[in-house]
Amino acid sequence: MGCTDSKDNLTPEELAIMNGELSLMYQAYQASDVDLVYRKYSNDGIININQWQNVSSKLKLAAYSAPMPPKIQKFYDSLKAENKYKLRDLLVIGIYLSTGKSIDKARLLFEAYDENDAKVLSKGDIQQMTSFIVEVAVEKTCVLIQDDDPNNVQPEEMAKFLQKLRTVKNKGKQELCKMFLGGNPALTELTMEKFVENVTMPSTVQLLTFQGVRKFIKKQEVTASKFAALTSLKKPTGPSDPKAELPKAK
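Residue numbering for the sequence shown follows the numbering used here, starting at 65 and increasing by one per position.
One thing to keep in mind: the hints can contain errors.
To be verified - 30 Å max Cα-Cα, derived BS3-like pairs, lysine-lysine: (1) 228 x 104; (2) 144 x 279; (3) 187 x 124; (4) 144 x 204; (5) 224 x 165; (6) 183 x 224; (7) 187 x 235; (8) 233 x 138; (9) 258 x 235; (10) 279 x 135; (11) 242 x 279; (12) 235 x 144; (13) 282 x 242; (14) 237 x 122; (15) 165 x 282; (16) 124 x 224; (17) 104 x 233; (18) 135 x 183; (19) 183 x 138; (20) 235 x 224; (21) 228 x 122; (22) 144 x 183; (23) 124 x 235; (24) 187 x 135; (25) 224 x 258; (26) 150 x 124; (27) 282 x 235; (28) 258 x 242; (29) 233 x 204; (30) 258 x 138; (31) 183 x 228; (32) 150 x 258.
What the hints assert, rightly or not - Computed Cβ-Cβ distance ranges for the label pairs, DEER-style: (33) 142 x 231: 14 to 24 Å; (34) 286 x 251: 33 to 43 Å; (35) 76 x 129: 39 to 49 Å; (36) 124 x 242: 17 to 27 Å; (37) 100 x 142: 40 to 50 Å; (38) 113 x 251: 30 to 40 Å; (39) 218 x 181: 44 to 54 Å; (40) 91 x 141: 45 to 55 Å.
Since the hints were derived computationally from the structure, they do not count as laboratory data. None of these values were measured; they are calculated from a predicted model. By construction, the Cβ of each residue, glycine as well, lies at the ideal position given by its N, Cα and C atoms.
Make a model of the complete structure from these sequences and hints.
In structure tokens:
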């Protein structure tokens, strides 16, 4: 799974979300192994319920326990449409929450969206990828927070934490896409080699974890707050030329 900060530098809210993510139990596996199992039991980019049961059994995920814990059920239900999962959605989650070298995770992440094995992704593909990653990091894994989490975060405190992220979520998607594009939003496509290079630099490798993505989005919230504070400063209401209002000599 990886962690971009020591626990001493993380808020109780962030620690509670991370503990919830651990409850899915991907951290026991290498990203390459998770990718292999998901692909083995998929068909045409889709995983149906029977295939999903095979995957969760093979990997001994928490989802295979009977009965499935309600919070985990809710998490996976949020990914499901017409009783099926998109393979790439499950791959992204497995890649982000498992262990492995950053270069391997980056390659697997690219391949999750390179469904035709073209070794090239369009800017639109990158936008879809980063949008999904942000949605999971901000909206989906928070449902996994355990009732007995040792961080004792009050519901209202968690609500404030998440609301701050949500206010800049769309901005975060744009900025994350820009980072994955190597800082050049004008690009129309990206090769695997360049993508891996872009997301494994010291300044970007943290973006291969959901915790790192939330930290990145939080920076957008801080930036937005500073900008709002600056623009709210009242401009002088008087004339720009003080001589313009001098009383005329009689």
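Comparing the hints with the structure gives:
1. A C-alpha spacing of about 39 Å is found between residue 228 and residue 104, which places the hinted pair above 30 Å, so the restraint is violated.
2. Between residue 144 and residue 279 the CA atoms are separated by roughly 27 Å; this keeps the pair inside 30 Å, and the hint holds.
3. Using a Cα cut-off of 30 Å, the hinted pair residue 187 and residue 124 is violated, with the two alpha carbons roughly 36 Å apart.
4. Taken as a hint, the residue 144 and residue 204 pair is honoured in the structure, with Cα atoms around 12 Å apart against an allowance of 30 Å.
5. Distance restraint check for residue 224 and residue 165: the Cα-Cα separation of roughly 34 Å exceeds the 30 Å cut-off, and the hinted pair is therefore not satisfied.
6. A distance of roughly 41 Å separates the Cα atoms of residue 183 and residue 224; the hinted pair therefore is violated under the 30 Å criterion.
7. Of the supplied pair hints, the one linking residue 187 and residue 235 holds, its CA atoms being roughly 17 Å apart against a limit of 30 Å.
8. Between residue 233 and residue 138 the alpha-carbon distance is near 22 Å, which keeps this suggested pair within the 30 Å criterion.
9. A C-alpha spacing of about 23 Å is found between residue 258 and residue 235, which places the hinted pair at or below 30 Å, so the restraint holds.
10. For the given pair, residue 279 sits about 24 Å from residue 135 by alpha-carbon distance, which is consistent with the 30 Å threshold.
11. Between residue 242 and residue 279, the direct Cα distance comes to roughly 16 Å. Compliance with the 30 Å bound is thereby established for this hinted pair.
12. For the hint pairing residue 235 with residue 144, the CA-to-CA distance comes to about 26 Å; that is within 30 Å, so the pair holds.
13. Restraint check for residue 282 and residue 242: the C-alpha separation of about 16 Å stays at or below 30 Å, so the hint holds.
14. A C-alpha spacing of about 33 Å is found between residue 237 and residue 122, which places the hinted pair above 30 Å, so the restraint is violated.
15. Straight-line distance between C-alpha atoms of residue 165 and residue 282 comes to about 25 Å, which keeps the hinted pair within the 30 Å bound.
16. Taking the CA atoms of residue 124 and residue 224, the gap is about 34 Å. The hint is violated against a cut of 30 Å.
17. A threshold of 30 Å between alpha carbons decides the hint, and for residue 104 with residue 233 the separation of about 34 Å lies outside it, so the pair is violated.
18. About 37 Å separates the Cα atoms of residue 135 and residue 183, which puts this hinted pair outside 30 Å; it is violated.
19. Our distance criterion of 30 Å between C-alpha atoms is broken by residue 183 and residue 138, whose separation comes to about 34 Å.
20. Under the criterion of a C-alpha separation no larger than 30 Å, the hint pairing residue 235 with residue 224 is consistent with the structure, at around 18 Å.
21. Distance restraint check for residue 228 and residue 122: the Cα-Cα separation of roughly 38 Å exceeds the 30 Å cut-off, and the hinted pair is therefore not satisfied.
22. With a CA separation close to 28 Å, the supplied pair residue 144 and residue 183 stays within the 30 Å bound.
23. Simply put, residue 124 and residue 235 have alpha-carbon atoms about 37 Å apart, too far for the 30 Å limit, and the pair is violated.
24. Taken as a hint, the residue 187 and residue 135 pair is broken in the structure, with Cα atoms around 34 Å apart against an allowance of 30 Å.
25. With a C-alpha separation of about 37 Å, the suggested pairing of residue 224 with residue 258 is violated against the 30 Å cut-off.
26. Simply put, residue 150 and residue 124 have alpha-carbon atoms about 20 Å apart, close enough for the 30 Å limit, and the pair holds.
27. Distance hint between residue 282 and residue 235 is fulfilled; the C-alpha atoms sit about 11 Å from each other, no more than 30 Å.
28. Using a Cα cut-off of 30 Å, the hinted pair residue 258 and residue 242 holds, with the two alpha carbons roughly 13 Å apart.
29. Distance check on the hinted pair: residue 233 and residue 204 sit about 13 Å apart at the alpha-carbon level, within 30 Å; holds.
30. Proximity of residue 258 to residue 138 is assessed by CA-CA distance (about 36 Å); at most 30 Å being required, the pair is judged violated.
31. For the given pair, residue 183 sits about 37 Å from residue 228 by alpha-carbon distance, which is inconsistent with the 30 Å threshold.
32. Between residue 150 and residue 258, the direct Cα distance comes to roughly 25 Å. Compliance with the 30 Å bound is thereby established for this hinted pair.
33. Remark: the range hint 14 to 24 Å for residue 142 to residue 231 is upheld by a beta-carbon distance near 21 Å.
34. For the hinted restraint 33 to 43 Å between residue 286 and residue 251, the CB-CB distance of approximately 27 Å leaves it violated.
35. Taken as a hint, the range 39 to 49 Å is violated for the pair residue 76 and residue 129, whose Cβ atoms sit roughly 27 Å apart.
36. Taking the beta carbon of each, residue 124 and residue 242 are about 38 Å apart, not inside 17 to 27 Å as hinted.
37. Between residue 100 and residue 142 the CB atoms are about 25 Å apart, so this pair departs from the stated range of 40 to 50 Å.
38. Between residue 113 and residue 251 the beta carbon distance is about 38 Å. The supplied range of 30 to 40 Å therefore holds.
39. Taking 44 to 54 Å as the suggested C-beta distance range, the pair residue 218 and residue 181 conforms, at roughly 48 Å.
40. Evaluation of the 45 to 55 Å hint for residue 91 and residue 141 yields a failure: the beta carbon distance comes to about 22 Å.
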